[in-house]
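S.K.: What follows is each chain in one-letter form.
There are 4 protein chains.
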Amino acid sequence: MAGNSFGNLFKLSTFGESHGAGVGGVIDGCLPGVELDLEAIQNELNRRKPGQSAIVTQRKEPDEVRFFSGIFEGKTTGTPIGFVIENTNQKSKDYSHIKDSYRPSHADYVYDQKYGFRDYRGGGRSSARETASRVVAGAIAKQMLPEIKFHAFVSAVGEISLEKPLHEIDFSETEKNIVRCPDAETAAKMEERIKQIRKEGDTIGGVVTCVIKNVPVGLGEPAFDKLHAELGKAMLSINAVKGFEYGSGFEGAKMKGSEHNDLFNQDKTTKTNFSGGIQGGISNGMDIYFKVAFKPVATIMQNQETIDKDGNLVEMQGKGRHDPCVVPRAVPIVEAMAAMVVADYFLINKQYQ
Amino acid sequence: MAGNSFGNLFKLSTFGESHGAGVGGVIDGCLPGVELDLEAIQNELNRRKPGQSAIVTQRKEPDEVRFFSGIFEGKTTGTPIGFVIENTNQKSKDYSHIKDSYRPSHADYVYDQKYGFRDYRGGGRSSARETASRVVAGAIAKQMLPEIKFHAFVSAVGEISLEKPLHEIDFSETEKNIVRCPDAETAAKMEERIKQIRKEGDTIGGVVTCVIKNVPVGLGEPAFDKLHAELGKAMLSINAVKGFEYGSGFEGAKMKGSEHNDLFNQDKTTKTNFSGGIQGGISNGMDIYFKVAFKPVATIMQNQETIDKDGNLVEMQGKGRHDPCVVPRAVPIVEAMAAMVVADYFLINKQYQ
Amino acid sequence: MAGNSFGNLFKLSTFGESHGAGVGGVIDGCLPGVELDLEAIQNELNRRKPGQSAIVTQRKEPDEVRFFSGIFEGKTTGTPIGFVIENTNQKSKDYSHIKDSYRPSHADYVYDQKYGFRDYRGGGRSSARETASRVVAGAIAKQMLPEIKFHAFVSAVGEISLEKPLHEIDFSETEKNIVRCPDAETAAKMEERIKQIRKEGDTIGGVVTCVIKNVPVGLGEPAFDKLHAELGKAMLSINAVKGFEYGSGFEGAKMKGSEHNDLFNQDKTTKTNFSGGIQGGISNGMDIYFKVAFKPVATIMQNQETIDKDGNLVEMQGKGRHDPCVVPRAVPIVEAMAAMVVADYFLINKQYQ
Amino acid sequence: MAGNSFGNLFKLSTFGESHGAGVGGVIDGCLPGVELDLEAIQNELNRRKPGQSAIVTQRKEPDEVRFFSGIFEGKTTGTPIGFVIENTNQKSKDYSHIKDSYRPSHADYVYDQKYGFRDYRGGGRSSARETASRVVAGAIAKQMLPEIKFHAFVSAVGEISLEKPLHEIDFSETEKNIVRCPDAETAAKMEERIKQIRKEGDTIGGVVTCVIKNVPVGLGEPAFDKLHAELGKAMLSINAVKGFEYGSGFEGAKMKGSEHNDLFNQDKTTKTNFSGGIQGGISNGMDIYFKVAFKPVATIMQNQETIDKDGNLVEMQGKGRHDPCVVPRAVPIVEAMAAMVVADYFLINKQYQ
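Sequences listed follow chains A, B, C and D, in order. My numbering runs 1 ahead of the 1-based position in the first sequence. My numbering runs 1 ahead of the 1-based position in the second sequence. My numbering runs 1 ahead of the 1-based position in the third sequence. My numbering runs 1 ahead of the 1-based position in the fourth sequence.
Do not take every clue at face value.
Copies of one chain are not kept apart here, so a pair can be met inside one copy or by any two copies together.
Said to hold, decoys possible - List of simulated lysine-lysine pairs, BS3-like, C-alpha gap at most 25 Å:
hint : residue 1 : residue 2
1    : Lys177    : Lys272
2    : Lys351    : Lys177
3    : Lys269    : Lys200
4    : Lys76     : Lys351
5    : Lys320    : Lys200
6    : Lys150    : Lys351
7    : Lys320    : Lys177
8    : Lys310    : Lys351
9    : Lys214    : Lys100
10   : Lys351    : Lys200
11   : Lys214    : Lys196
12   : Lys269    : Lys310
Hints in this document: simulated from the structure, not taken from any laboratory. Just so we're clear, the structure is a prediction, and the values are computed from it rather than from any experiment.
Chain A on its own, in the form it takes in the complex:
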């Protein structure tokens, strides 16, 4: 119940702190016989890793994954896949100043209250470094489902939004810029904004949108485990996420039924897709799409007043190497979580076939 596992038939259990020996996990339930492209897995990790561009944290980590099991002669065996990504660039000394103080809007205070003490180096377990393990599992889930395509991209940085309708977006553009926004012009503005924010020693929030194509009809369960409910949980479990909406989302709350209903074509596709590819919690074969809101990173390079364990006021000086905006690195994480959810429901749904 300690909450470090995700999924039912395709399940990931993760471990690791930002400044321990490494992070990793166990992937349980991958189908046997999947020919693994290890380079593709590493490539996903590279999309998430620090130091990859001028607008992300400059912490240097190779983030190389080592597999211990579940793969034989290049193929998955159906047995659990254990893996470790060693931490190589921990610089724990950077964190002595927060040992006894609580950084604003971090998990420091609640960890101390819940567990009695905490690994104060970096964020410990609350660090987004944990998501590296998710990216590994997501990359394998993608390879287990080669027909299904997961396209996440940055759709907003602060007030700057990509205004294109989804059907006009060329997903092959996403990786062509360091922001991961599939529109060169908007991406340039976003990059500019992030650089300026960093100069100010500040951070800024953003939005990641994800489109999933070629999902078979029938994935999802009717009551509590609706497909979008599990996707929502998956996304909300990513560090810094504050909101999730799919299909028409919050805009849908303003609409009328006569506008919002997706009328059928004779081939059982729908003319519109306000449903976001999911009806009654079950995929209907149309594109699934959703948005994920990320808050600005709490660690800023400005001085802030805060308190220590005993409630004394202390001045906290921003230092360390941090992301001015997390969304460029969050793109592969969103895809990974989406792939794990779809893989899980894909396996669950096979009982009906």
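Add chains B, C and D to chain A, keeping to what the hints say.
M.R.: Only chains B, C and D this time, still in chain A's reference frame:
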């Protein structure tokens, strides 16, 4: 895995279709020794039940719950609580017209695809009637946690929003009008809007906001089972929900870290609460608040073109008794799901004490 | 976690005390489209019910099951099946003498310690009445798996054992006598023994053996969820069970590998079956067989000295209507649990197909 | 669902094959603040490791565990503990002869059927090497519960049994001989028997008994998750186990209620303990004890006829390094599984306190 259970230590499993003999469930894990106020449970059901006011469906159901177990001499025993709410007003004949056709934006098509056939009377299992069972379990969860207060209310109907800041809202106003908006003036406008929509044979979406007060520090688990991730899943599992945000939500994605960080007071409360009472997935003792977006009900009283099983075009005539806007009746459901999530994490967290 | 659910993809959650309004449950995950033979379900309940013969408790209960959901036009829909069996013959007054005392070898003392108090009428939740719900679910599991046959029978009552090898047993004999031992001569001895024990106001233990035929190859998971591990848990969860062994069992511990190894035939069956149809936790297509040991019922009609809540010595007088030997009524329960385990693993295994 | 996790609040997920890069796991839910004695953990591994004495397999493995997370300044943090034990002595070439053949009474055939192919080196995932990870988790569970004592020992090797009653056994004797039987004389006979069996190129079964002392009253859940049901599942999930009994076990099935009932003392202990410390599935504070039957190892050093994938008869020559009798090495595994079960129920039960 069929998805009809929710929770871990405080767990609800539900059953029932809209037009079967009844709905009900099993509540497993309620603490022993809770003196149950059965009238309060029925009162929660009354807040959800059809026919309660002029702006909801006129289907008449007494929605009386009968308990079979887990209660002895007025107190919970710690053993599972089984209950049934009989369906008394099914009018199945109303639904013969949809037996072979797929209503737009309903689950008809996906159920047929997933299960091979469906109980076509009403929505069958996809009907929101299932949420009556959730309300029973939520009412018991509330009574298990008497210190913690759950205040949901309607904050938007279509384009009409309640603009008051949360701290100015008087929750005792919520039940004073049939919309369940805790501001008489806004409520009147919303009621007007819903009545007009119904006259048009149409439906409209809306938003429910929920504030949870007096949550102890420490509820929530760090990685996948973050408190807000489970709250999000809970809300997204309610029929017609399209989005969930907590704390600063989607607005937070536009903010800077220097604005968004919640600075500490010396008593360890925070000066602002953009975090929404949750940091790193764990409650920090401040108010938890979140918003839930509901789409417009798919069943409208206007004619729509749709298809039958074989892909033939058919005209579907809207009939039956349906809600023009679900949010007034969704308020107790949102509270119920929130109470179940908090009850579950409350029990999980006791291991650390 | 409160332990009232069993199974993963085919899952039963039960509720109910011996002297409450009724027992029942929710069956979640039955495949859709199974044509249910309701009479066959009731027949399984009749095999378990009290008052069925001269050698079981004379408590009279019709044990009629009422289904509320999950069945439409005679077929399962794939949605949860809710059901209730009302208690009609509770005679709670019989139990006032045990309100404050602890019956030896019952759960009275541990319930009081765990929950702070208990429903002292009969065994409350610890009563074997709970197994009626299991029989309903097992009967449905059997119908979901029509090819697979579950044959349980009484193989020992006290010192009297059925000595026939399994392949000589004619399972059609089992229901021809009230003991449910598929050998008329041994059954007569067992019946005699039980009648004598009852005259003495005493009770006696026994053994149920179960053979499962036509299990497909491949059911079971390698590490913790081995097929026989889950079967063992299922059997040990039945009231009064003290032991479980499968295949060669405890006798196998005395054997040499050269004797115990099951050599293959060319058609991939094995010449012997010490493995009990399971190798490495996974079914190999041979018959699965196992034994379940039941202790003597703790309620005897003799006076016993015991203590009350405050530790005072009290004399407890045996009364009420109880089974002198549980194994005849345990036969359908063993089959039901076996059927649920196999149904669950059958569904789990479909992901590989 | 793939079955590589065990436990609920104290949970272990394992990975690893006998001839891959390593085995390991994730321990999720250990209480924070436990000062870990790493040497004690390694010592438990040493009790299980190959090559430790003249009567076990001579495969040499250092079995050194490396921890990656969840430990800070010598104490558990409450976050998941990831660990790896590298395989150093794989000798995969030993196994080429079984690549296409099915060893009798091994999992070769069922793995091929279930997964389509298998890692044929050693037993792959079906190898008992997986239990090294369990020993690590069990050692940590023991340290989380310092008051509770787990005493497993060898009580039978083939026909040779330890006949002493439990209360006369001095558990400090167990580790004084290589068989792990706490009676020097019987141990000597067992050792002799194992050596003789090895000379014959054969293997032999045995029994491990376990006594758990100082278990608090109240652990266990009433219906499906009875404490002994979970202990049974835990033991049956260990490689080569064929049977489990607790308390009076199979002998109890021959007894009368008047003999079997455990009468209370005024201090709420019982005069006898046929219940085995568990009543109604819940611990009553008396010693818990149970027996676990192990079959003889399937790999023997004699030639056997078997079949290959295509059903052709082939002669299989026994080779490799294997245990003539597994019970000496199984002792720490039984303790580890018992400790994990008790740790899990200990945490689950804290909700009632």
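S.K.: For each hint, tell me whether it holds in the structure or not.
M.R.: Now the hints, each set against the structure:
1. For a Cα distance limit of 25 Å, the shortest separation of Lys177 from Lys272 qualifies neither inside one copy, at 32 Å, nor across copies, at 42 Å.
2. Taking the shortest Cα distances, Lys351 and Lys177 never come within 25 Å of each other, neither inside one copy (37 Å) nor across copies (41 Å).
3. In this assembly of identical chains, the alpha carbons of Lys269 and Lys200 never lie at most 25 Å apart, being 52 Å within a copy and 31 Å across copies at closest.
4. For the identical chains of this complex, Lys76 and Lys351 are neighbours both inside a copy (21 Å) and across copies (20 Å), given an alpha-carbon limit of 25 Å.
5. Proximity of Lys320 and Lys200 under a CA criterion of 25 Å is satisfied intra-copy only: 13 Å inside one chain copy versus 61 Å between copies.
6. When the C-alpha separation of Lys150 and Lys351 is checked against a cutoff of 25 Å, the pair qualifies both within a copy, at 19 Å, and between copies, at 24 Å.
7. For the homomeric pair Lys320 and Lys177, neither the shortest alpha-carbon distance inside one copy (31 Å) nor that between copies (52 Å) is at most 25 Å.
8. Taking identical chains as interchangeable, the C-alpha atoms of Lys310 and Lys351 lie at most 25 Å apart only when they sit on different chains, with a minimum of 23 Å there against 52 Å within one chain.
9. Neither within a single protomer nor between protomers do Lys214 and Lys100 lie at most 25 Å apart by alpha-carbon distance, with minima of 46 Å and 30 Å respectively.
10. Taking identical chains as interchangeable, the C-alpha atoms of Lys351 and Lys200 are never at most 25 Å apart, the minima being 52 Å within one chain and 45 Å between chains.
11. In this homomeric assembly, Lys214 and Lys196 never come within 25 Å of each other (Cα to Cα): the closest approach is 33 Å inside a single copy and 39 Å across copies.
12. Taking CA atoms no more than 25 Å apart as the test, Lys269 paired with Lys310 passes between copies only; the shortest distance there is 9 Å, against 60 Å inside one copy.
In the structure shown, a violation is registered for the earlier hints numbered 1, 2, 3, 7, 9, 10, 11, in ascending order.
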